[in-house]
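> This is what each chain is made of:
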Amino acid sequence: MQLRYADDFVEGAVFICANRRRCGPPPLQIRRFHLAREKLYSILDPDARNTAFFNLQLEWFREWGLEKMLVGPADEFPLLRRMLNALVFRRARIQRDEGAELYVGPENGRSGVVALRIERFDRPDELACFLRHEFAHVNDMLDPAFGYSPEVHLPGRNAAQQRLTRERYRLLWDIAIDGRLTAASRATLGGREQHRVAFDHVFGFWPESRRNEVFDALWVDRQPRHADLLAIASDPRGLDSTHEPVPGAACPLCGFATFAWAGAHGLSAPTRAAICAEFPHWAPDQGACRRCVEIYRIVGARTPLAV
Amino acid sequence: MSAVYNWQLGREMEYPYDGAFPDRQFAFVFNINRCIGCQSCTMACKSTWTFSKGQEYMWWNNVETKPYGGYPQHWDVKLLQLLEQLNPGGQTWNGAPQALKAPYGQFKGQTVFEAALKNVSAEGAQQALGYLPTDEEWAAPNRYEDNPTGAEKGQKSRYFAGGESLPQHKTWFFYLARICNHCSYPACLAACPRNAIYKRPEDGIVLVDQERCRGYRKCMEACPYKKTLYRGTTRVTEKCIGCFPRVEGRDPAGGGLPMQTRCMAACVGHIRLQGLVQLNQDGTWKEDRYNPLYYLVHVAKVALPLYPQFGTEPNGYYIPPRWVPRPYLRQMFGPGVDGAIERYANPDRELLAVLQLFGKEQRICSRYEIKEGPKIFETEVRGKRFAMYNDTIVGYAHDGTKVVETTVEEPVHIRPDKHANSI
Ligand code: SF4
Ligand code: SF4
Ligand code: SF4
Ligand SMILES: [Zn+2]
Ligand SMILES: [Zn+2]
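For the protein sequence lines, the chains are A and F, in the order given. Using this note's numbering, you'd call the opening residue of the first sequence number 1248 and step up by one each time. Using this note's numbering, you'd call the opening residue of the second sequence number 8 and step up by one each time.
Treat each hint with caution, since some may be false.
With the Cβ distance kept under 10 Å, some of the chain A side facing chain F (calculated, not the full set) [unchecked claim]:
(1) Asp1255
(2) Phe1262
(3) Asn1266
(4) Glu1285
(5) Tyr1288
(6) Ala1339
(7) Arg1340
(8) Ile1341
(9) Gln1342
(10) Glu1366
Worth flagging that the hints you see were computed from the coordinates, not collected in a lab. Small disclaimer: the values here were computed from a predicted structure and weren't measured. For every residue, glycine included, the Cβ atom is placed at its ideal position computed from N, Cα and C.
Could you build all of it, start to finish, from the sequences and the hints given here?
Below you can see the structure in the form of structure tokens.
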């Protein structure tokens, strides 16, 4: 596994380290670093200059133990070394952009890419927790037993539903990761309590007993699987299997979640015919949302019935 | 360290260099009461100077919503907190005001230069107390836009009645437009280990020498206003250049006369007035009674420096927002706040006329003259008699060229109703 860095990541981390007012590297080294850096400003060719800066800064990145802060936690996940061609680090400016991804390409094979804010180097303990969590994501993605598939895409769902599913999935996965790390006596950034609060917030529609059951199972699960997490995330209320008009379920005609069901049994013959012209397998038992009914009532009134 | 005189603090203070003052100093007044937060100024600067690669997060001019906003995030609160930690309870003012030399009395606390002496690390002391903002703090220039603060905690479905009555609103925010203050004692300059920052002798504009800068970012750490910004592509620091070609009179639009900067000229709210003021040997302002900036700062005393207690003697002045609770404003603009608001809320004839100069003309006005006009309006405002006279104010460039003439009563044009949509 090759380690690779974005230049602004190394540059930022080394600078933060050199600039630390307490517990930084020895002042003499900082002076040497700056003197060497100053010289590079005289290189006129921009590419040559960038390369020179990168190489110099990478040297100090290693000298000051910053690389070790990244590699240490990575080595706790042997799968990474075995299965990744490269582990890449890049700079994130804001917290929302932090996190790990797995890229699989025909040329470079598998690369794990971790984005993080450089200020994390200022708090080594937290950095280790953050990295461990992110590496655990990559580890799961690589582990055949987890069965990851990047397609958290569900056919027949609209964009909002897809996003909701992805958010729920992330949450469940995070719980499953920090639960395992905690069991392995590793410190994590989010504790059990914190995860539970987030979980209750997202799955608030479940009765408490069900929330306890699912959360506890996830927290102690030593071998979670992608498919199981996705199943919980995609349809936590079991609305897919109900075709009865349940509040918030999808209308079988337009596919939008609806709270406004129309009584489909009392529909006039022309309306029913208009619906069946487009949805031959539809039956009044499945219901329809009020908006659809309105539309098909108009369509039905315009179409002369073929008697 | 040298002892220099800081008239905004009404006392001498420590500064790493001797004082060195330009003949004429770049200065400006922003009337916060008029700013609508439209960011035209911000975009005028960006589209002129900082539209290139590596300058994506660079905003030499920014407008933030106070109290929560700030660019970089929380810049002022963070520094105030650092100062408070080093000098708990000691950041206070008292002493009698004295014209020109100590108009706000005396600051008894510590400036960023003085407090820095206490903040020693392995590297030695800082030149000015400060901190380096994080990437995240620089990432969004207008976070918390339009977020007000209230005296009471909000309640669901209840409108907070009476929050908007003067003299001090209970629910409030205001827009603070900021550029580099081209300080008389720049902290950025003091902190630069390579002497790459200099103050121009001709107009006091503070510039970073792009050839000398080696990206130490000590200036970013030291500038209390956080107005120097690092550019990753060139690895050097850049900052507001006070649009010096315009101030020098090199913009063809000015016909050879000095012009106000781009951000001043673009201001939609007409909140800005910029010019040059004459200085004495000790950095105090030379009497120049009919220079509009001198008038606003030293005669009417409606315009106050931003966080004077930081000690850099900033050359940006603000007419404080009159609806905002005073303790907040006193912290931001010093003890002159109450008087400034009192005079601004009950303007006399001269002040009304000078306020008309804001945003009326792009060329710099160095002197004004007022021609008296008839009384056009009379009323009572908060128990005080108020009369308005339609005086005419005429502004002249430094060489005596007339650059602006306007009246207190704003010109009104009534469109003939020839067509329903006549323009
Ligand atoms: S505002 Fe900051 S950057 Fe501008 S002159 Fe003052 S200390 Fe320097
Ligand atoms: S004075 Fe000029 S350079 Fe400075 S902020 Fe305004 S427009 Fe930008
Ligand atoms: S252009 Fe003027 S009114 Fe608009 S945000 Fe800037 S200072 Fe305020
Ligand atoms: Zn995670
Ligand atoms: Zn429908």
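> Are the hints correct? Go through all of them and say.
Each hint tested on the structure:
1. The interface hint given for Asp1255/A is met, as the beta carbon of that residue sits about 6 Å from the closest beta carbon of chain F, less than 10 Å.
2. Interface restraint check for Phe1262/A: the shortest CB-CB distance to chain F comes to about 7 Å, inside 10 Å, so the restraint holds.
3. With a least beta-carbon distance of about 6 Å to chain F, the hint placing Asn1266/A at the interface is held under the 10 Å criterion.
4. About 5 Å separates the beta-carbon of Glu1285/A from the nearest beta-carbon of chain F, less than 10 Å, and the hint is met.
5. This hint holds: Tyr1288/A has a C-beta 6 Å from the nearest C-beta of chain F, less than the 10 Å allowed.
6. Satisfaction of the interface hint for Ala1339/A is found here, the shortest Cβ-Cβ separation to chain F being roughly 8 Å, below the 10 Å cut-off.
7. The interface hint given for Arg1340/A holds, since its Cβ lies 4 Å from the closest Cβ of chain F, which is under the 10 Å cut-off.
8. Interface hint at Ile1341/A: satisfied, since its Cβ lies 5 Å from the closest Cβ of chain F, which is below the 10 Å cut-off.
9. At a threshold of 10 Å, the smallest CB-CB gap from Gln1342/A to chain F is about 7 Å, leaving the interface hint in force.
10. A cut of 10 Å between beta carbons decides the hint on Glu1366/A: the least distance to chain F is about 5 Å, and the hint holds.
Going through the hint list in order, the structure satisfies each hint without exception.
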